[in-house]
Amino acid sequence: MALTKLTTDLIDGSLGTDWQTAVKTAAFTATAGEGYFVNTTSAAITVTLPSSPTTGDEVSIVDYGLNAATNNITITSSDNIEGAADDLTLFTDKVSKTFVYSDATKGWLIANDSSDTSVPPLTVDYLVVAGGGGAGFDVGGGGGAGGLRTSYGSTSGGGASAETSLSLIAATNYTVTVGAGGGSSGSSGVKGANGSNSIFSTVNSIGGGGAGTYPSSGAGKNGGSGGGGAVVSGGPAGGSGTANQGYDGGSASSTNYGSGGGGGAGGAGANGVQGAQVDGGLPLAVSITGSSVNYAGGGYGNADSGSVYATGRNKSNTQLGTYGFGANGTGLPNANPNGGNAGVVILRYSNTYTITIGSGLTGSTATDGSDKVTTFTAGTGTITLGAA
Amino acid sequence: MAHYAFLNMQNIVTEVIVGKDETDGPTSWEMHYGNIREQVCKRTSYNTRGGVHSEDGTPFRKNYAGIGYTYDYARDAFIPPKPYTSWTLNENSCLWEAPVAYPDDGQQYTWNEENQQWDLVDGTN
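Chains A and B, in that order, are what the protein sequence lines are.
Sequential numbering of the first sequence, starting at 4, is according to the working numbering.
Sequential numbering of the second sequence, starting at 262, is according to the working numbering.
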């Protein structure tokens, strides 16, 4: 009986692995029964397992370049891999694996393994908030909030849907930058400064727009969220927010003495009203840390009523958000308001990874369930992720 | 926590980041951040305006740097854009001032560059 099976396999060629002589240096689709030497010396490579496999189909992979730790080998398939729809990342030098197709439930399983080198896909969720914009001089507008981009939850800045999580490569450097808040107007005629951008990898959130200033240069600046317009005849417009990051700032009152609120990540700044203070745009609540926290609200626009100047109300951080909020106008004649608030970068990833943080960055890591959450509050530099 | 400004070739501020304090270890963070970006990097103080630190700290470089500000090496100061042609730089504050002082009667005025005077703003329009 066994001899009969062996003879059959020899005849139809299904015995053993048909190793391909051409070393693979770019993405390819594997064929059942074949083995491949994969060289990632120059770049990471994705291997697509055969479609419509039958039980017992096998594919073997060997790290030819002995470099998979630097440039990973990603295994993908339209069928499950080890019972999950996720890709599999091979990130250890000298790795070799043989995949055998089982059934529709488990899909491809690992039949032979050079070592325990498989980990969940390196998928990272992010929240990137830029610095808020500065307020205008005197009875100026409110600063625009820093642009907000997130892949976590359902909503991102400016009313957009949450973005797609990033698929990263282990042991690879990724840039993180925390943008500062923009300074307030230093003198009459000078608008509030824009906040600076915050960055994670390819995600760049734009600094909040500086507010228009009294008694000239009334239009708010464009930014992640727009700065509020300031009291100048004609009702200068608020600045525009950036699509998918934040809302527009409010315009100044068409009559005098009513500046617009800065735009927020969750709503537009209110238009100025003569003799009244108006709200900045709403912040956006994001739960990436495990708790719902507000980020990036717009600063309020200020005004005075005739000769009675408003004293300025102090919005709480709950209203403005914890990071990236725009500065509030002062409502005081010839006065300097505060600057915008600094941004933040928050990453959430599987606790099967550890993070290495560059020396110029200030970050701390907490655990939430089976994930780690790293919050960066200062600096610019690089981070890497690797197996725990 | 400290702040750092990056300059372009014309000494204009292109970006400001929050960074590590200079007392945080032996590293010169100005140099460290500058090397990362391959740009000149200068420390700046968030709470400083007109040469005064609002919380009695060190008033680095006269004014908190903003995007579009100029860094003046001779004065070691960040200077905002000049709002009007006739305005001159106050050497102490490194802020721009009108040739006529802003009235101190509590009312609001707008600068009239053509007539070189402050015009009273009518709040009721």
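No lab work stands behind these hints, which were simulated from the structure alone.
Mixed in with the good hints there might be a few duds.
[Unchecked claim] Listed next, the stretches of chain B that the computed footprint assigns to chain A, with coverage defined by at least 3 CB atoms under 8 Å from CB atoms of chain A:
#, stretch
1, 273-282
2, 288-295
3, 319-331
4, 339-351
5, 354-367
[To be verified] Quick partial rundown of chain B residues pointing at chain A, CB under 8 Å, derived from the structure:
#, residue
6, Met262
7, His264
8, Tyr334
9, Trp372
[To be verified] Examples of chain A residues toward chain B, derived with CB under 10 Å:
#, residue
10, Gly192
11, Ser201
12, Thr357
13, Gly361
14, Gly382
For every residue, glycine included, the Cβ atom is placed at its ideal position computed from N, Cα and C.
Given a cut of 10 Å on the nearest C-beta pair, is the interface hint for glycine 361 of chain A held or broken against chain B? holds (8 Å)
**Item:** Hint status (Cβ of serine 201 of chain A to nearest Cβ of chain B, threshold 10 Å)
**Value:** holds (9 Å)
Proposed interface contact between tyrosine 334 of chain B and chain A, which counts if any beta carbon pair is under 8 Å:
This interface hint is violated because 19 Å lies over the 8 Å limit.
- prompt: Checking C-beta pairs, does the stretch 339-351 of chain B have three or more residues closer than 8 Å to chain A?
  reply: holds (count 5)
Using C-beta distances, would you say chain A covers the stretch 288-295 of chain B, given that this needs three or more residues below 8 Å?
holds (count 4)
Handout entry: Claimed coverage, the stretch 273-282 of chain B by chain A - three or more beta carbons nearer than 8 Å
Key = With 6 residues closer than 8 Å to chain A, the stretch 273-282 of chain B meets the three-residue bar; holds.
query = Measuring from the C-beta of histidine 264 of chain B to each C-beta in chain A, is the shortest one below 8 Å?
reply = holds (5 Å)
Would you settle whether the hint for tryptophan 372 of chain B is holds or violated, based on the nearest Cβ-Cβ distance to chain A being less than 8 Å? holds (6 Å)
Note to self: methionine 262 of chain B was flagged as interface toward chain A. Is the shortest Cβ-Cβ separation under 8 Å?
What the structure shows: Interface hint status for methionine 262 of chain B: holds (6 Å vs cutoff 8 Å).
Q. If you take the shortest Cβ to Cβ gap from glycine 192 of chain A to chain B, is it below 10 Å?
A. holds (3 Å)
Hint check: 10 Å Cβ-Cβ cutoff, glycine 382 of chain A to chain B:
This interface hint holds because 5 Å falls under the 10 Å limit.
* Asked: Per the CB criterion, is threonine 357 of chain A less than 10 Å away from chain B?
  -> violated (22 Å)
Hint compliance for this structure: hints 8, 12 are not met, and every other hint is.
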